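Enquirer: Sequence:
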Amino acid sequence: MANEYGKDWRIKIGDGAATEAFDFLGGEGSWDFKRSSDSIDLSSKDDGAYKAQGWGQQAITISVTGNVKLPDDGLERVVDQSKASPPELNIQIVKGAIVKFHGRVGIGNFSMTGGKDGPVTYSLDFSAVAAPTVDDVAATA
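For the sequence shown, position 70 (counting from the first letter as 1) is numbered 70 according to our numbering, and the numbering increases by one without interruption.
Keep in mind the hints are simulated off the structure, nothing from the lab. Hints are supplied without guarantee of correctness; some may be wrong.
Here are the computed lysine-lysine pairs in the BS3-like style, where the Cα-Cα straight-line distance is at most 25 Å [as the list claims (entries may be wrong)]:
#, residue 1, residue 2
1, K83, K7
2, K95, K69
3, K95, K7
4, K69, K116
5, K34, K7
6, K34, K95
7, K7, K100
8, K12, K83
9, K12, K45
10, K69, K7
11, K83, K69
Here are the computed distance ranges between Cβ atoms for each label pair [stated by the list, open to error]:
#, residue 1, residue 2, range
12, G96, I40, 35 to 45 Å
13, K116, P87, 23 to 33 Å
14, I40, D136, 22 to 32 Å
15, D38, P87, 44 to 54 Å
16, S63, T19, 24 to 34 Å
17, E76, G29, 12 to 22 Å
18, S82, A131, 50 to 60 Å
Fair warning: this is a prediction, and the values are worked out from it, not measured in the lab. We put the beta carbon where it would ideally sit given N, CA and C, even for glycine.
Please model the complete structure; the sequences and the hints are all you need to start from.
Expert: Structure (structure tokens):
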């Protein structure tokens with residue numbers, strides 16, 4: 001299998017219509033996909049010196065930074081939805097035609113900086129608000 005690079009993966013933002021269309025989020029510089037779980041103590045007082053431990057429900061967070069020349073349809077949707085209540089929309093992470101993640105996310109920690117003569121830089125966090133429809137970042141087809 002050929003190497004995959006982050007530059008080949010893109011984030012798409014849904015338009016919220018009944019038959020949803022997705023536009024690319026412009027200017028993604030980098031993104032981080034994080035899956036985390038809380039540890040759960042499964043031990044009893046009879047277990048001796050070693051604690052039994054398991055993992056709880058998963059939380060998915062996708063942090064994105066980028067820079068873009070406005071206007072950008074994808075970023076405009078994020079800005080609009082970040083002000084909604086609740087601030088949610090559907091996103092996809094794709095590599096070409098392969099959808100690696102598709103799910104409903106909340107938008108938080110959104111910031112934009114506009115320089116005098118350059119593109120707008122932005123950063124934001126997406127957090128899954130429900131189980132994703134597609135959750136296969138290792139998908140190759």
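Enquirer: Hint by hint, note whether the structure agrees.
Expert: Verification of the hints:
1. K83 with K7: violated (29 Å)
2. K95 with K69: With a Cα-Cα distance of about 23 Å, the restraint between K95 and K69 holds, given a limit of 25 Å.
3. K95 with K7: Answer holds: K95 to K7 is near 9 Å, not above 25 Å.
4. K69 with K116: The given pair, whose Cα atoms are some 12 Å apart, holds under the 25 Å limit.
5. K34 with K7: Answer holds: K34 to K7 is near 18 Å, not above 25 Å.
6. K34 with K95: Satisfied, since the Cα-Cα distance of roughly 18 Å is no more than 25 Å.
7. K7 with K100: Holds, because 14 Å separates the two Cα atoms, which is no more than 25 Å.
8. K12 with K83: holds (19 Å)
9. K12 with K45: Violated, at about 50 Å.
10. K69 with K7: Holds: K69 and K7 sit about 18 Å apart, inside 25 Å.
11. K83 with K69: Holds - the C-alpha atoms of K69 and K83 are around 21 Å apart, at most 25 Å.
12. G96 with I40: 35 to 45 Å: holds (39 Å)
13. K116 with P87: 23 to 33 Å: holds (29 Å)
14. I40 with D136: 22 to 32 Å: holds (26 Å)
15. D38 with P87: 44 to 54 Å: With Cβ atoms ~24 Å apart, the hint is violated.
16. S63 with T19: 24 to 34 Å: holds (29 Å)
17. E76 with G29: 12 to 22 Å: holds (18 Å)
18. S82 with A131: 50 to 60 Å: Given range 50 to 60 Å: violated, Cβ gap about 22 Å.
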